[in-house]
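When you line the sequence shown up against the numbering used here, it's residues 832 to 946, in that order.
If you're looking for bench data, these hints aren't it; they were derived computationally from the structure. One or more of the hints may lead you astray.
[What the hints assert, rightly or not] Each computed DSS-like pair below joins lysine-lysine, with the alpha-carbon atoms no more than 27 Å apart:
| no. | residue 1 | residue 2 |
| --- | --- | --- |
| 1 | Lys928 | Lys874 |
| 2 | Lys917 | Lys874 |
| 3 | Lys928 | Lys895 |
| 4 | Lys874 | Lys895 |
| 5 | Lys917 | Lys928 |
| 6 | Lys895 | Lys917 |
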Amino acid sequence: QVQLVESGGGLVQPGGSLRLSCAGSGIIFSIYAMGWYRQAPGKQRESVAWITTGGRANYADSVKGRFTISRDNAENTVYLQMNSLKPEDTAVYYCNKDPPTSRNWGQGTQVTVSS
Numbered sequence: 832q833v834q835l836v837e838s839g840g841g842l843v844q845p846g847g848s849l850r851l852s853c854a855g856s857g858i859i860f861s862i863y864a865m866g867w868y869r870q871a872p873g874k875q876r877e878s879v880a881w882i883t884t885g886g887r888a889n890y891a892d893s894v895k896g897r898f899t900i901s902r903d904n905a906e907n908t909v910y911l912q913m914n915s916l917k918p919e920d921t922a923v924y925y926c927n928k929d930p931p932t933s934r935n936w937g938q939g940t941q942v943t944v945s946s
């Protein structure tokens, strides 16, 4: 059974940084492209960043230049380094395969950017 557990969220002031982690079990990360997604209150879930099996990263325009996705296949972990955070980055952040598999959504981790 695949389980993806996100962590690292919290409350941060605008301009601050957070590093999210996604640890997987029951899945071999190295054979999948992985992604980070977020859902803000009242909005649909959206893709934030995704990384290929070879390590090529892509980003939504809204986070480009501020967020960095990376992966450690040996640890079955995907990371999202978030810098220069803005209030509009406030959301629950999830990881999943890219494209996502509906049954693999975890609980997510809350990121709140507020002064």
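How the hints compare with the structure:
1. Lys928 with Lys874: 21 Å, holds
2. Lys917 with Lys874: Holds. Lys917 to Lys874 sits at ~17 Å (cutoff 27 Å).
3. Lys928 with Lys895: Judged against 27 Å, a Cα distance of about 20 Å means the pair holds.
4. Lys874 with Lys895: 20 Å, holds
5. Lys917 with Lys928: Roughly 26 Å separates the two Cα atoms, so the pair holds.
6. Lys895 with Lys917: 13 Å, holds
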